[in-house]
Every structure is written in structure tokens, then in C-alpha cells.
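Peer 1: Sequence:
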Amino acid sequence: MAAVLEALGSGIAAGYGIAVPVGAIAVLIVGAAVRDGFAVGAAAGAGAATADLVYALIAAFAGSAASGLLEGKERGVGLASAAVLLAIAVHGLWSLRGRSAAGQPAPGRTAPAATYLRFVVLTIVNPLTVVYFSSLVVGLRLEWSLAAGAVFAVGAFFASLSWQLMLATAGAVGRHRLGARFRTAAVVVGNVVVLGFAAAIVVRSL
Numbered sequence: 001m002a003a004v005l006e007a008l009g010s011g012i013a014a015g016y017g018i019a020v021p022v023g024a025i026a027v028l029i030v031g032a033a034v035r036d037g038f039a040v041g042a043a044a045g046a047g048a049a050t051a052d053l054v055y056a057l058i059a060a061f062a063g064s065a066a067s068g069l070l071e072g073k074e075r076g077v078g079l080a081s082a083a084v085l086l087a088i089a090v091h092g093l094w095s096l097r098g099r100s101a102a103g104q105p106a107p108g109r110t111a112p113a114a115t116y117l118r119f120v121v122l123t124i125v126n127p128l129t130v131v132y133f134s135s136l137v138v139g140l141r142l143e144w145s146l147a148a149g150a151v152f153a154v155g156a157f158f159a160s161l162s163w164q165l166m167l168a169t170a171g172a173v174g175r176h177r178l179g180a181r182f183r184t185a186a187v188v189v190g191n192v193v194v195l196g197f198a199a200a201i202v203v204r205s206l
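For the sequence shown, this note's numbering begins at 1 and goes up steadily by one.
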């Protein structure tokens, strides 16, 4: 029982550790909530948290092997991630052309389920996340059982999800309290920030 509780605490800490630092995914989750409301923002956050769950499970049960497979491939992974972020940002900026005069998106263009799947894919294209979780697993020297590994991953998932939902809530509050011009500006600024992340990844990878 002690090992399982230790794994749970470690998973929660790891989940917040990967989710809290402000990155491109956080910006996109806030932007989704600002643009389309809490339900879409929450779906985006759930997608990101699901990807973290996948990588936490991989780290818990095959962390050393997964890290070994990625060793020496950091440059390629980084450039691929940058390309995905670039495509997302360009699409986000281009989508502003389809907004109505009141600043609202054209009806039926965004669905929570589609957003969830998009954010699962967008988050999972950065497999270096598994290196983060694996390093924690190895460094903490936890005694892993099937139960402990599962509890670690579940703890990481719910920690990540709680943070992502907070971001979605913040974006939704901004959407309802501020006008259409703010929402449009938030989409522009958010996607420009994502472009900045993509550029930074390219610089670090070259």
C-alpha cells in the first residue's frame, strides 16, 4: 500500500510538473475556450491530459526502453513538433477569415469531440514527454508493481487534467466578460505565441 501511495503522489507531482509550465498547448487550450467556449476548451484540455496519460503509462512500464528509442532523435522530434505547431498557428490565424461580423465563429465549425482528438494528436507528437516521465520514474527509484504503475499514470492524468480545465475556465471567463474584439485579439495573440514556440524549437533543434 505504501508503494502505491508513493506512486500516486509521484504521479500527481509529475502531472503538474509537465502541465503547469506555460507552453504552446496551454496557449492553445486558452485560445480554444476564448474562441468557442468552455466545452471546447475543456475538450482540448482533456485531449492534452489523455496524451500525458499515455506517456505516463509508457514511462511507468517501459520507461527505459522508450527513452532509449528516442536517444539521438531529439532533433528530428523537435523539428516535427515545430512543423505541427506552425500548421496549427497558421490554421488558427486563417480561421479568423470565417468569423462573422460580431466576432463569432461560423456555426457548426468546432465540435468538442473533434477538438479532443486534435489535442490528443497535437500533444502526443512530442514524445519527449515520455523522457520526462521516465526520468522521474528512474530517478525516484520507486518499486513498481502493476498497481503502482497504473496509479502513477492515473495521478499524472488527473493532475494534468485539473490544470488544463483551469486554463479552459480562464479562457471561457474571458470570452463571456470581454467583447468580440478581445476574443479576436486573443486568437491572434495566442497563435502568434504558438508561432514563437515553433521558432524557438527550430532554433534549439538546429
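Since the hints were made in silico from the structure, they are not lab data.
We put the beta carbon where it would ideally sit given N, CA and C, even for glycine.
Be aware that a few hints might be false.
Simulated DEER-style distance windows between Cβ atoms [stated by the list, open to error]: (1) Ala111 with Ala83: 48 to 58 Å; (2) Ala13 with Val188: 34 to 44 Å; (3) Ala170 with Gly76: 14 to 24 Å; (4) Ala62 with Arg177: 22 to 32 Å; (5) Arg204 with His176: 31 to 41 Å.
Peer 1: A separate judgement is required for each hint: does it hold in the structure or not?
Peer 2: Hint check results:
A beta carbon spacing of about 25 Å between Ala111 and Ala83 contradicts the range 48 to 58 Å that was offered as a hint. Distance hint check for Ala13 and Val188: the Cβ-Cβ separation is about 35 Å, which falls inside the suggested range of 34 to 44 Å. Checked against the hint of 14 to 24 Å, the C-beta distance between Ala170 and Gly76 comes to roughly 34 Å, which is inconsistent with it. Range check, Ala62 to Arg177: Cβ separation about 46 Å, and the 22 to 32 Å hint is violated.
Between Arg204 and His176 the Cβ separation comes to about 37 Å, which falls inside the hinted range of 31 to 41 Å.
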